[in-house]
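Undergrad: Next come the chains, spelled out residue by residue.
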Amino acid sequence: MSRVFAVDRQAVLASAVALVALFVWALSLQGVDLGRIDDFGLISALPLATTLSMVALTVSFGLAVLGARPNRFVLALHVAVLLLMVYGLPSIVEPLPRFSVAWRHVGIAEVLTRTGGIDPSVSAYFSWPGFFALAGLVSTTMGWQDTMPLVGWSPLAFNVLYLAPVGILAQSLVADRRVRWLAVWLFLSTNWIGQDYFSPQAFGFLIYLWILALLIRFFGREPTSSWPVPAKWLQPDVPPVEISRPQRAGLLAIISVLFFVLVASHQLTPFATLASIVVLVATGRISTVTMPALMAVLLGAWLSYMTVTYLAGNLNQLLESIGSVDSSVSASLTDRLQGSPQHVFVAVLRSLVAVALWSIAVVGVLLRFQIGRRDVTMALLAFIPFGLLALQSYGGEILLRIFLFSLPFMALLAAHALEITASGRLTRVMVVAVLVVFMGGSFVSRYGNERMDIVTADQIAATDALYEIAEPGSLLVVAGDNTFWQYRDFELHRYRKLDREVVAGDVDGAIDRIAGEDRPVYVILSDSQFRGLALLKGVTEREWAAFERRFAADPRVERIYDQPAARIYRFVPGGS
Amino acid sequence: MPLIAPIVILALTMAAEIVVLASGDGVVRMVLVGGFLAFAPGAAALRPLQLPLQSLAWAGFAVTLSLAITGIVAGSLLYLGAWSGELGVTILALIVVVLTLVDLPTVRSGARALVRMLGSQQERGS
Numbered sequence: 001m002s003r004v005f006a007v008d009r010q011a012v013l014a015s016a017v018a019l020v021a022l023f024v025w026a027l028s029l030q031g032v033d034l035g036r037i038d039d040f041g042l043i044s045a046l047p048l049a050t051t052l053s054m055v056a057l058t059v060s061f062g063l064a065v066l067g068a069r070p071n072r073f074v075l076a077l078h079v080a081v082l083l084l085m086v087y088g089l090p091s092i093v094e095p096l097p098r099f100s101v102a103w104r105h106v107g108i109a110e111v112l113t114r115t116g117g118i119d120p121s122v123s124a125y126f127s128w129p130g131f132f133a134l135a136g137l138v139s140t141t142m143g144w145q146d147t148m149p150l151v152g153w154s155p156l157a158f159n160v161l162y163l164a165p166v167g168i169l170a171q172s173l174v175a176d177r178r179v180r181w182l183a184v185w186l187f188l189s190t191n192w193i194g195q196d197y198f199s200p201q202a203f204g205f206l207i208y209l210w211i212l213a214l215l216i217r218f219f220g221r222e223p224t225s226s227w228p229v230p231a232k233w234l235q236p237d238v239p240p241v242e243i244s245r246p247q248r249a250g251l252l253a254i255i256s257v258l259f260f261v262l263v264a265s266h267q268l269t270p271f272a273t274l275a276s277i278v279v280l281v282a283t284g285r286i287s288t289v290t291m292p293a294l295m296a297v298l299l300g301a302w303l304s305y306m307t308v309t310y311l312a313g314n315l316n317q318l319l320e321s322i323g324s325v326d327s328s329v330s331a332s333l334t335d336r337l338q339g340s341p342q343h344v345f346v347a348v349l350r351s352l353v354a355v356a357l358w359s360i361a362v363v364g365v366l367l368r369f370q371i372g373r374r375d376v377t378m379a380l381l382a383f384i385p386f387g388l389l390a391l392q393s394y395g396g397e398i399l400l401r402i403f404l405f406s407l408p409f410m411a412l413l414a415a416h417a418l419e420i421t422a423s424g425r426l427t428r429v430m431v432v433a434v435l436v437v438f439m440g441g442s443f444v445s446r447y448g449n450e451r452m453d454i455v456t457a458d459q460i461a462a463t464d465a466l467y468e469i470a471e472p473g474s475l476l477v478v479a480g481d482n483t484f485w486q487y488r489d490f491e492l493h494r495y496r497k498l499d500r501e502v503v504a505g506d507v508d509g510a511i512d513r514i515a516g517e518d519r520p521v522y523v524i525l526s527d528s529q530f531r532g533l534a535l536l537k538g539v540t541e542r543e544w545a546a547f548e549r550r551f552a553a554d555p556r557v558e559r560i561y562d563q564p565a566a567r568i569y570r571f572v573p574g575g576s
Numbered sequence: 001m002p003l004i005a006p007i008v009i010l011a012l013t014m015a016a017e018i019v020v021l022a023s024g025d026g027v028v029r030m031v032l033v034g035g036f037l038a039f040a041p042g043a044a045a046l047r048p049l050q051l052p053l054q055s056l057a058w059a060g061f062a063v064t065l066s067l068a069i070t071g072i073v074a075g076s077l078l079y080l081g082a083w084s085g086e087l088g089v090t091i092l093a094l095i096v097v098v099l100t101l102v103d104l105p106t107v108r109s110g111a112r113a114l115v116r117m118l119g120s121q122q123e124r125g126s
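From first to last, the protein sequence lines are chains B and G. Residues 1 to 576 in the numbering used here are what the first sequence spells out, letter by letter. Residues 1 to 126 in the numbering used here are what the second sequence spells out, letter by letter.
Please note: incorrect hints may appear among the correct ones.
Label pairs and their computed distance ranges (CB to CB) [as the list claims (entries may be wrong)]:
#	chain 1	residue 1	chain 2	residue 2	range
1	B	W227	G	G35	28 to 34 Å
2	G	L104	B	V12	31 to 37 Å
3	B	K232	G	A113	33 to 39 Å
4	B	R69	G	G26	34 to 40 Å
5	G	G24	B	A16	41 to 47 Å
6	B	R69	G	Q50	28 to 34 Å
7	B	A293	G	M30	55 to 61 Å
8	G	M30	B	A16	56 to 62 Å
9	G	L56	B	I560	37 to 43 Å
10	B	S359	G	S109	55 to 61 Å
11	G	G119	B	V325	37 to 43 Å
12	G	A113	B	F386	50 to 56 Å
13	G	M30	B	D481	32 to 38 Å
Just a few of them, taken from the derived set where beta-carbon distance is under 10 Å, the chain B residues facing chain G [stated by the list, open to error]:
#	residue
14	L112
15	L134
16	M148
17	G152
18	L156
19	I168
20	L303
21	T307
Counterexamples of contact, computed for chain G against chain B with all Cβ distances above 10 Å [as the list claims (entries may be wrong)]:
#	residue
22	P6
23	I18
24	L37
25	L51
26	V73
27	G75
28	V89
29	L94
30	V98
31	L101
32	V107
33	S109
34	A111
35	Q121
36	E123
What the hints contain is simulated information worked out from the structure, not anything from laboratory work. Backbone N, C-alpha and C fix where the C-beta goes; we use that ideal spot for every residue, glycine too.
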């Protein structure tokens, strides 16, 4: 009786800490000062109480999960609070949905709903329109003008949805309840790469997780053959769940539907999914031997028929990059370690978080072997995504995507390492400290670009003015990637960036790049562009001002909109 | 009791269809149409399978599957040049109704009886 009471007391205490942390966190948000955001990102704008409440939550979770009898309701409460604190924060404190690419995605869906058709020649997005079609139908039937209402809360919504398949994967691969909960926590608290915004890849990752979770849960088996991996290395920790033949048939049909939607929505994720399934089938860990062939046919058919326009213009480039591992790594890593000193610190921190997680995961593999748990399925699934390095650099993002695809399995392996290590009081404290470090490092990493990712109403007012002024067919020109535009009339204009010229201070070069145009040319220079160039390229305020002053002094350039947040210039070839 | 879930799914479907066709707006439309799109198609497709999943996992699966089915309908409308929110919801509603009816106990037992009857007729014929 007293033992039950003691367990309850621990559970009540842990729940109270989680709720108090949430309460303090919510109150502290009134003190958030977005004007203080520097190149360290959102963390620089948060009051100390916000940060401390997140630390308190993490410590409470660590002690609860490593305690004598972890209570799942208490742990679920901590996870729910974590979700809100990490993934809901920007939507609560920022005036508008963050991240310029998310705004562009609104524009892609807007084209579909406005024109009612798909023209693959406009952009690569229209060769994989599944996600945008879905978003467009949602916004149309909800009676919205566009998909903007979906953008702000997308990261929170996607991460809530990720929980179910990640939970099933943990349940299917790991017998220990503590490890499962630790893995879920690590999955949520180390996911710093921010690919959960309103995007096809966020949706694709959800499908990737579900397909793997369903196949391992319901089609898992104990391998009998010892080729190519010894069968004893694949003996599952958890016995496979048996379902009837009609259930298997129905589930396979559903998995096929999910994969088809994935193929129609995103370029990269189907390859990661297929690679994982091929390895699971080849090692005999799942029984759906024909599934890879079916998936390959679906993928091949889509690429052959629906992406012809895109491939016609890009096939050579895609084929050339196959096998160029060096350039893929360089584009993903070296090229990102530049910009302002604070930003370089954040970029290094990102790499450290990833390397630390991967290293602990490797320790997890070894410790599992030591205690006689031989199932290498998690290790296989964690390391298969690294094969994508051989495919292409994916615009310098391939390492980010590899981190994402491997994250659930790395988290499971790292959770094993932490759980096995936490055998004594001191080691338990160390494990809790590791969770706090991961949480802190990952939070700073995730919101480390906030100086450029945040957008204000006056920035959007300037872009709206640009769209009102510019006739269809105009060339719209910006100084950098970080422009909140293309959220409407995407296909009606042409676009150009002058970032290289701005970084080099080459005004003549910039003018040359727009001078030969026979269509109306409008240049918008905004604070958000400057913040992006300052953060990522180290452009100073003085250099930016000098560039704009010299650009505006050209007789062919006429200023037609002038606000503190942005200026719009019309370029008149013959002079005004 | 087994009829409660199909009734809820069908009621949500009907309400969403009415709201969209009647061009209703505001929070009611958001709740009904959002709830329908996010849940009904996937729930209707999953129910006949009776998978051994915990309720939260089942709900998460139903949401993901609903989004996938909605995506297929939306993409088909675009490629066919027949884009219309009303048509999209109507097609989804039809899918939900068919899947829900298929799963009703009376339809299931009727289908089983039909299969048995056809089997016995075939045996007599041969």
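Undergrad: Could you run down the list of hints and mark each one as holding or not?
TA: Quick rundown of the hints versus the structure:
1. B:W227 / G:G35: 28 to 34 Å: violated (50 Å)
2. G:L104 / B:V12: 31 to 37 Å: violated (45 Å)
3. B:K232 / G:A113: 33 to 39 Å: violated (49 Å)
4. B:R69 / G:G26: 34 to 40 Å: violated (48 Å)
5. G:G24 / B:A16: 41 to 47 Å: holds (44 Å)
6. B:R69 / G:Q50: 28 to 34 Å: Given a distance of about 32 Å, which is inside 28 to 34 Å, the answer is holds.
7. B:A293 / G:M30: 55 to 61 Å: With Cβ atoms ~43 Å apart, the hint is violated.
8. G:M30 / B:A16: 56 to 62 Å: Roughly 35 Å apart at Cβ, these two residues miss the hinted range, so it is violated.
9. G:L56 / B:I560: 37 to 43 Å: violated (55 Å)
10. B:S359 / G:S109: 55 to 61 Å: This hint holds: roughly 58 Å between Cβ atoms.
11. G:G119 / B:V325: 37 to 43 Å: violated (60 Å)
12. G:A113 / B:F386: 50 to 56 Å: holds (55 Å)
13. G:M30 / B:D481: 32 to 38 Å: holds (33 Å)
14. L112: Check passed: Cβ of B:L112 comes within 6 Å of chain G, closer than 10 Å.
15. L134: holds (4 Å)
16. M148: This hint is violated: B:M148 lies away from chain G, its Cβ roughly 14 Å from the closest one there, beyond 10 Å.
17. G152: violated (15 Å)
18. L156: Since chain G brings no Cβ nearer than about 14 Å to B:L156, farther than 10 Å, the hint is violated.
19. I168: With a minimum Cβ separation of about 6 Å from chain G (threshold 10 Å), the hint on B:I168 holds.
20. L303: At about 16 Å, which exceeds the 10 Å cut-off, the nearest Cβ of chain G leaves the hint on B:L303 violated.
21. T307: Status violated, d = 13 Å.
22. P6: The claim stands: G:P6 keeps its Cβ more than 10 Å from every Cβ of chain B (closest is about 17 Å).
23. I18: With a cut-off of 10 Å, G:I18 remains clear of chain B, as the shortest Cβ separation is near 12 Å.
24. L37: Non-interface label on G:L37 violated, nearest chain B Cβ at 6 Å vs cutoff 10 Å.
25. L51: violated (7 Å)
26. V73: violated (7 Å)
27. G75: violated (4 Å)
28. V89: It is violated; G:V89 is separated from chain B by about 5 Å at its closest Cβ, not greater than 10 Å.
29. L94: At roughly 15 Å from the nearest Cβ of chain B, G:L94 sits farther out than 10 Å, so the non-interface label holds.
30. V98: holds (15 Å)
31. L101: holds (16 Å)
32. V107: holds (15 Å)
33. S109: About 15 Å separates G:S109 from the closest Cβ of chain B, which puts it past 10 Å; holds.
34. A111: Consistent with the label, G:A111 stays out of reach of chain B, its closest Cβ about 12 Å off (over 10 Å).
35. Q121: holds (23 Å)
36. E123: Holds, since 23 Å exceeds 10 Å.
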